[in-house]
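Asks: Chain Y: place on chain D using the hints.
Protein sequence lines correspond, in order, to chains D and Y. Residues 1 to 254, numbered by my numbering, are exactly what the first sequence covers, in order. Residues 1001 to 1311, numbered by my numbering, are exactly what the second sequence covers, in order.
If you are wondering where the hints come from, they were derived from the structure by calculation, not from laboratory data. Wrong hints could be hidden among the right ones.
[What the hints assert, rightly or not] Cβ pair distances, simulated, as ranges:
no.: 1; chain 1: Y; residue 1: 1113; chain 2: D; residue 2: 181; range: 37 to 43 Å
no.: 2; chain 1: D; residue 1: 87; chain 2: Y; residue 2: 1311; range: 54 to 60 Å
no.: 3; chain 1: D; residue 1: 181; chain 2: Y; residue 2: 1118; range: 49 to 55 Å
no.: 4; chain 1: Y; residue 1: 1209; chain 2: D; residue 2: 18; range: 30 to 36 Å
no.: 5; chain 1: D; residue 1: 149; chain 2: Y; residue 2: 1165; range: 35 to 41 Å
no.: 6; chain 1: D; residue 1: 162; chain 2: Y; residue 2: 1311; range: 38 to 44 Å
no.: 7; chain 1: D; residue 1: 148; chain 2: Y; residue 2: 1062; range: 15 to 21 Å
no.: 8; chain 1: D; residue 1: 197; chain 2: Y; residue 2: 1174; range: 41 to 47 Å
no.: 9; chain 1: D; residue 1: 209; chain 2: Y; residue 2: 1115; range: 26 to 32 Å
no.: 10; chain 1: D; residue 1: 208; chain 2: Y; residue 2: 1301; range: 50 to 56 Å
[Said to hold, decoys possible] Computed footprint of chain D on chain Y, listed as stretches where at least three residues anywhere in the stretch have a Cβ under 8 Å from a Cβ of chain D:
no.: 11; segment: 1092-1103
no.: 12; segment: 1166-1179
no.: 13; segment: 1220-1230
Just so you know, even glycine gets a beta-carbon here, dropped at the ideal spot from N, CA and C.
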Amino acid sequence: MNIAVALRLMPNPGDELELDGADIDREYVEMVMNEFDDQALEEAVLIKEATGATVTAVGLRTDGIEQALRVAYARGADRVVIVDAGELDPYDSRAAALAFAQAFRELKPDLVLTGVQTPTDLFGQGAPYMAAALDWPQANVVVGVELVDGRVQVTQEYAGGRLAVLSLELPAIIGVQSASSPPRYVSMARLRQAMTEASTETLEVELPARTQASTIESLARPEQTAGAKMLEGDAEQLATQIAALLREQGALVS
Amino acid sequence: MGDVLVYTEPSGDPERLIAWARPLATAAGGDVVALVAGGEPGGDGLTGADVVLEISHPALSPYLPEAHQAALAAAIEARKPDVVLLENTTAGYDLAAAAAAQAGLPFVGYCVDLSVGDGEAESTSAVYGGQFLATVSTPLPAVFAVNSTAIHEVSGAPGRGEHVELPAPAKLDSLRTKFVEAVVPPDEGVDLTKAERIVCVGRGIGGAENIGIAEDLAAALGAELAGSRPVIDSGWLPKVRQVGKSGARVKPKLYLALGVSGAPEHVEGMQGAELIVAVNKDPSAAIFNVAHYGVVADLFDVADELTDALG
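Chain D with its partners taken away, still in its complex shape (with noise of 0.2 Å):
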């Protein structure tokens, strides 16, 4: 049983972002693997461990990949891949989805897992355009992945937190919502470890040459004329205040 996991890259959740033209400056922005990702990583390991499955991550050559492919070496992969589809618009989801569904026409996984979402995937999810590509029935907001009777049986979630439990035949591709249990952590020896003994495979793909239509014309910071009344001051009379106010709008219990 091979699993083959998408890993994409998202900036760094804790670092702030500017605007650069219609697109985020990216100077000092560090790429990070995308959270949802890091849960497909960590369902995709926990399989192995029960089930003795290989696990190969695959990730699109751009600055930043091999890290995170390191980083997914050091968590449990067996395989580490990268594709190079030459220079993509960060934007253009779908032809990165393509550059990975060439990837798996070759590395025949047999389950392939990738986060539900990232936060820049506004022209289409990974899964649902792997899966269109490669004719593979796929489920998407999955939060549980087991393999059963040589099927994939998978836990999705839907508004208000109900779920229901689905079978799908493999091949099949799962966007992947949040992983059995929270992604582990991975110490800086271990990670160091695996910067000297991962050996990244390289895979060149062909794309057609347009495969989004849209354009995106500007980017901005939401207006904050609907915003939120802001205190000042410091620590203590903030507390002061917000005390205040919750007395007065009848928030505290009486």
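Replies: Structure of chain Y alone, referenced to chain D:
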């Protein structure tokens, strides 16, 4: 031509999305066509539609991504709409991009605004966890997924209400996906939807070791403690305490958000709160767009002082 095809969910409430579609259909000079795939056709929620397109097949209920993907593809093929609209729910994630890829149409997701004219759509999408809005132009026909927060409390005039049966696509007889069972989440004695006060911690709380600070504040307020998705996914609080799209949808009297960035998926679960107070060290955090009162400060300092002030 000019139709707006609205995908309605089997157990959803299609009324708001259908009402949202009306101005688009008017601008595009077409009908609002509601696709009902294996659901309960003819409900009140569909009165805003000009055409109710029904596809019936046993595989369409309960919901299966593969079955509904086939039904939506068949509806797009049959009606050739200018605009296909889905809500950004679980089904939206399953179907919207997949339908666009299958039909060779462009797709834009996380829309909070959409207008059409001259064979083109202009839309606004929430990106980077709601920190930025992208204005996007897209040639029609195209598929759009709309954030639930953007179709809040809309109701519209009735449509023509014509019913059309569409033959079930053959694919539905050879699906590779099976429904196994519905799962009722275990009752863990916490019901955030009934809480009058909620203290919600976000990624800014930093780690499980800091949860106690928020717990103390919640105790001083007589509030339930809750967390946003990153807090739950990191295992700092149990799933039963999650607020947002993937969690509880709450309407307390007081919602105190500590270190919550305000991603659209979170806002969806708490924007109905009567009084929202947000503390975040980032002045541009999206939570301040939905909060009534905002504080740009270190949440730990403010939480400690507030616990003392209430004590």
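Asks: Work down the list of hints and note, for each, if the structure agrees.
Replies: The hints, checked one at a time:
Between residue 1113(Y) and residue 181(D) the CB atoms are about 38 Å apart, so this pair conforms to the stated range of 37 to 43 Å. Distance hint for residue 87(D) and residue 1311(Y): a CB-CB separation of about 58 Å, consistent with the stated range 54 to 60 Å. The hinted window of 49 to 55 Å between residue 181(D) and residue 1118(Y) holds, with their beta carbons roughly 51 Å apart. The hinted range of 30 to 36 Å is satisfied by residue 1209(Y) and residue 18(D), whose Cβ atoms lie roughly 31 Å apart.
Between residue 149(D) and residue 1165(Y) the beta carbons are some 37 Å apart, a value that agrees with the proposed interval 35 to 41 Å. As the Cβ distance of residue 162(D) to residue 1311(Y) is approximately 39 Å, the hint placing it in 38 to 44 Å holds. At roughly 19 Å, the beta carbons of residue 148(D) and residue 1062(Y) sit within the given window of 15 to 21 Å. Against the hinted window of 41 to 47 Å, the Cβ-Cβ separation of residue 197(D) and residue 1174(Y) comes to about 45 Å, which satisfies the hint.
A hinted range of 26 to 32 Å holds for the C-beta pair residue 209(D) and residue 1115(Y), which are about 30 Å apart. The given range of 50 to 56 Å is respected by residue 208(D) and residue 1301(Y), whose C-beta atoms sit roughly 54 Å from each other. Beta-carbon proximity to chain D at under 8 Å applies to 9 residues in the segment 1092-1103 of chain Y; the threshold of 3 is reached and the given coverage holds. With a threshold of 8 Å between beta carbons, the proposed coverage of the segment 1166-1179 of chain Y by chain D holds, since 5 of its residues qualify and at least three are required.
With 4 residues having a beta carbon nearer than 8 Å to a beta carbon of chain D, the segment 1220-1230 of chain Y meets the requirement of three or more and the stated coverage holds.
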